[in-house]
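Colleague: Protein chains in written order, with the numbering used here: chain A, 13 to 123; chain B, 213 to 689.
None of these hints come from the bench; they were simulated from the model.
On a predicted model such as this, the values are computed, not experimentally measured, just so you know.
There could be a bad hint or two in this list.
[Stated by the list, open to error] Derived pair list, reagent style DMTMM-like, types lysine to aspartate or glutamate, alpha-carbon separation capped at 20 Å:
| hint | chain 1 | residue 1 | chain 2 | residue 2 |
| --- | --- | --- | --- | --- |
| 1 | B | Lys-569 | B | Glu-670 |
| 2 | B | Lys-530 | B | Asp-457 |
| 3 | B | Lys-661 | A | Glu-119 |
| 4 | B | Lys-304 | B | Glu-501 |
| 5 | A | Lys-32 | B | Glu-670 |
| 6 | B | Lys-479 | B | Glu-427 |
| 7 | A | Lys-32 | B | Glu-501 |
| 8 | B | Lys-479 | B | Glu-531 |
| 9 | A | Lys-32 | B | Asp-480 |
| 10 | B | Lys-479 | B | Asp-352 |
| 11 | A | Lys-104 | A | Glu-119 |
| 12 | B | Lys-569 | B | Asp-630 |
| 13 | A | Lys-32 | A | Glu-113 |
| 14 | A | Lys-104 | B | Asp-630 |
| 15 | A | Lys-32 | A | Asp-43 |
[What the hints assert, rightly or not] Partial chain A-side listing against chain B, Cβ under 10 Å, derived:
| hint | residue |
| --- | --- |
| 16 | Ile-29 |
| 17 | Met-37 |
| 18 | Lys-38 |
| 19 | Ile-40 |
| 20 | Met-42 |
| 21 | Ile-50 |
| 22 | Leu-67 |
| 23 | Asp-77 |
| 24 | Ile-117 |
| 25 | Glu-120 |
| 26 | Arg-122 |
Ideal placement from N, C-alpha and C gives every residue a C-beta, glycine not left out.
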Amino acid sequence: MLYACVYATILLGFFGILLKENLVMKIIAMDVMSTGVIALFVLVAARGGTYTPILSGAPSIAYADPVPQAVILTAIVIGFSIQALMLVAVMKLARDNPTLETRAIEEEYRP
Amino acid sequence: MTTVMMVWLTLPFFVGFSIYLLPQGDRILALLVTLVSMAFAMVLFEQPAPLSWHLLDNFGVTLMADDLSAFFILTNALVTAAVILHCWYSGKTTFFYTQAIILHGSVNAAFICADLISLYVALEVIGIAVFLLIAYPRSDRSLWVALRYLFVSNTAMLFYLMGAALVYLTNQSFSFEALEGAPVEAIALLFVGLLTKGGIFISGLWLPLTHSESETPVSALMSGVVVKAGVFPLVRIALMSEELDPIVRIFGAGTALLGVAYAMFEKDTKRMLAFHTVSQMGFVLAAPEVGGFYALTHGLVKAALFLTAGALPSRSFKELHNQPIHTPIWIALVIASFSISGFPLLSGFGAKVLTMKNLLPWQVIAMNMAALGTAISFAKFIFLPHGPAKEQLVKRGFWPAVLLLLAGLVVANVAYYDAYSLANIAKPLAIIALGWLVYLLIIQRMVVKLPRVLEEFEHLIGVMSVMLMVLFGMVLA
Numbered sequence: 013m014l015y016a017c018v019y020a021t022i023l024l025g026f027f028g029i030l031l032k033e034n035l036v037m038k039i040i041a042m043d044v045m046s047t048g049v050i051a052l053f054v055l056v057a058a059r060g061g062t063y064t065p066i067l068s069g070a071p072s073i074a075y076a077d078p079v080p081q082a083v084i085l086t087a088i089v090i091g092f093s094i095q096a097l098m099l100v101a102v103m104k105l106a107r108d109n110p111t112l113e114t115r116a117i118e119e120e121y122r123p
Numbered sequence: 213m214t215t216v217m218m219v220w221l222t223l224p225f226f227v228g229f230s231i232y233l234l235p236q237g238d239r240i241l242a243l244l245v246t247l248v249s250m251a252f253a254m255v256l257f258e259q260p261a262p263l264s265w266h267l268l269d270n271f272g273v274t275l276m277a278d279d280l281s282a283f284f285i286l287t288n289a290l291v292t293a294a295v296i297l298h299c300w301y302s303g304k305t306t307f308f309y310t311q312a313i314i315l316h317g318s319v320n321a322a323f324i325c326a327d328l329i330s331l332y333v334a335l336e337v338i339g340i341a342v343f344l345l346i347a348y349p350r351s352d353r354s355l356w357v358a359l360r361y362l363f364v365s366n367t368a369m370l371f372y373l374m375g376a377a378l379v380y381l382t383n384q385s386f387s388f389e390a391l392e393g394a395p396v397e398a399i400a401l402l403f404v405g406l407l408t409k410g411g412i413f414i415s416g417l418w419l420p421l422t423h424s425e426s427e428t429p430v431s432a433l434m435s436g437v438v439v440k441a442g443v444f445p446l447v448r449i450a451l452m453s454e455e456l457d458p459i460v461r462i463f464g465a466g467t468a469l470l471g472v473a474y475a476m477f478e479k480d481t482k483r484m485l486a487f488h489t490v491s492q493m494g495f496v497l498a499a500p501e502v503g504g505f506y507a508l509t510h511g512l513v514k515a516a517l518f519l520t521a522g523a524l525p526s527r528s529f530k531e532l533h534n535q536p537i538h539t540p541i542w543i544a545l546v547i548a549s550f551s552i553s554g555f556p557l558l559s560g561f562g563a564k565v566l567t568m569k570n571l572l573p574w575q576v577i578a579m580n581m582a583a584l585g586t587a588i589s590f591a592k593f594i595f596l597p598h599g600p601a602k603e604q605l606v607k608r609g610f611w612p613a614v615l616l617l618l619a620g621l622v623v624a625n626v627a628y629y630d631a632y633s634l635a636n637i638a639k640p641l642a643i644i645a646l647g648w649l650v651y652l653l654i655i656q657r658m659v660v661k662l663p664r665v666l667e668e669f670e671h672l673i674g675v676m677s678v679m680l681m682v683l684f685g686m687v688l689a
């Protein structure tokens, strides 16, 4: 069930990138898609349990797998820095193309 | 040896950021880094066994460097060095060199990764550095081209990341070995990411516009090395896994034909070269065993061609026919065109012979067709009029860069001098002669405008989902 929700999020994000006209909306859709992918990693990590894996003398309980979580942390940082970079570019583009419609921008800058 | 590898791997990033503190020495520092890479590649060729390295325990970063990586690293070093020489007198700011060196470092990292996540990080850093390099002129147009690139590449990498998660779910490991026995959807997702990043087949159609609309040195850098960061993992995977090898080979043949078909009818020099990148990557993938050498020669020749095309008075072939180009530039252009068509004495010949020898039977016809198409489209450059032109200004720094690349093409012959046998020499010559004949008789007179629909932004994203379905079917079969 949770997996279905995660895949639905990813798919919705992807269709957003595909179908939205406005560049800012496209970027937001990409954020939705990457949120979905992050959720997938969290879900994969929670396969064996949901407890925070902290090394201590306590009796062993069902820990979450720390590897995917560590990995996705890197991916989150990369994803947000790319998003920031894109938004800066869009801000600059918006000065001459106030509507930010992809199709119009593409027509304009075609060789 | 692993210490040397670590120092070499981190040096570009260290230098890249310290260039800001020493802005006067930016070019020299950048060039030094490429020299270190060159030396490291040479040392790597001498190693008897592949170097591998595990950071932390079995969940950490794994690196592996062997002969294949050495070829790619050498390509990266030579092309980056040539681009820096080309920009030497152009007054580029420190920012440009910082990005170029960080790009160099991350491409190097991609060439020695042995697990999916380090590769992901390397590819994303490449994406960001390339974005900044394309957007360097700060014009609206360059911003749009850069944004389009980053968008396509990031969407592809999200698919890749999904694939990585699914691989981990089955095998509890991110290393390349874990691909064995991974579920179908995981492999399809990973391949969509890598194929898009490497500019292969229809998912690589973002490439022509991006590579042709960037500045000359950036185009050379992108076509020369950056696409290879996506191709290298595919070669690695094909070599490691029996069942995935045919898929990589099919895409190799497909992209070789697709790229060349577009290139034959292209009327714009830089776009033609970009389409040829799509096609030549196919030759690298078609015979993964010897892909390293082909990648080296392609990197050198394509960087030289892009730099030379940037020095021509016009980008349109039609205008170039009425405007004789300066003879020395023409000679450089012809040497590079000969190498890419596979003419003996240049290393393009050895690479092509070696690739043709390692093809599977069903690939032979397709790859020979692609080689013929290459000869046809490069006849466009060879038959351009030339003469002792009146005052054509070539940028200072143009000649050192191009000479370095062309010298590399000649010297790289030593890698496979067994190729020089009579039968081997006759075949490429026949292909080239046939190609010129077809060009002079047919192609030159034809005016075909191929539609550019597939290159529109939305279609680029849409094609990814189509490719996902296709790959799913292929892995399942």
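Colleague: All hints are to be evaluated individually against the structure, with a verdict given for each.
Modeller: How the hints compare with the structure:
no., hint, verdict
1, B:Lys-569 / B:Glu-670, "violated, 40 Å"
2, B:Lys-530 / B:Asp-457, "violated, 42 Å"
3, B:Lys-661 / A:Glu-119, "holds, 18 Å"
4, B:Lys-304 / B:Glu-501, "violated, 39 Å"
5, A:Lys-32 / B:Glu-670, "holds, 10 Å"
6, B:Lys-479 / B:Glu-427, "holds, 19 Å"
7, A:Lys-32 / B:Glu-501, "violated, 43 Å"
8, B:Lys-479 / B:Glu-531, "holds, 10 Å"
9, A:Lys-32 / B:Asp-480, "violated, 32 Å"
10, B:Lys-479 / B:Asp-352, "violated, 25 Å"
11, A:Lys-104 / A:Glu-119, "holds, 18 Å"
12, B:Lys-569 / B:Asp-630, "holds, 12 Å"
13, A:Lys-32 / A:Glu-113, "holds, 9 Å"
14, A:Lys-104 / B:Asp-630, "violated, 55 Å"
15, A:Lys-32 / A:Asp-43, "holds, 13 Å"
16, Ile-29, "holds, 6 Å"
17, Met-37, "violated, 13 Å"
18, Lys-38, "holds, 7 Å"
19, Ile-40, "violated, 13 Å"
20, Met-42, "holds, 7 Å"
21, Ile-50, "holds, 9 Å"
22, Leu-67, "violated, 14 Å"
23, Asp-77, "holds, 8 Å"
24, Ile-117, "holds, 6 Å"
25, Glu-120, "holds, 8 Å"
26, Arg-122, "holds, 8 Å"
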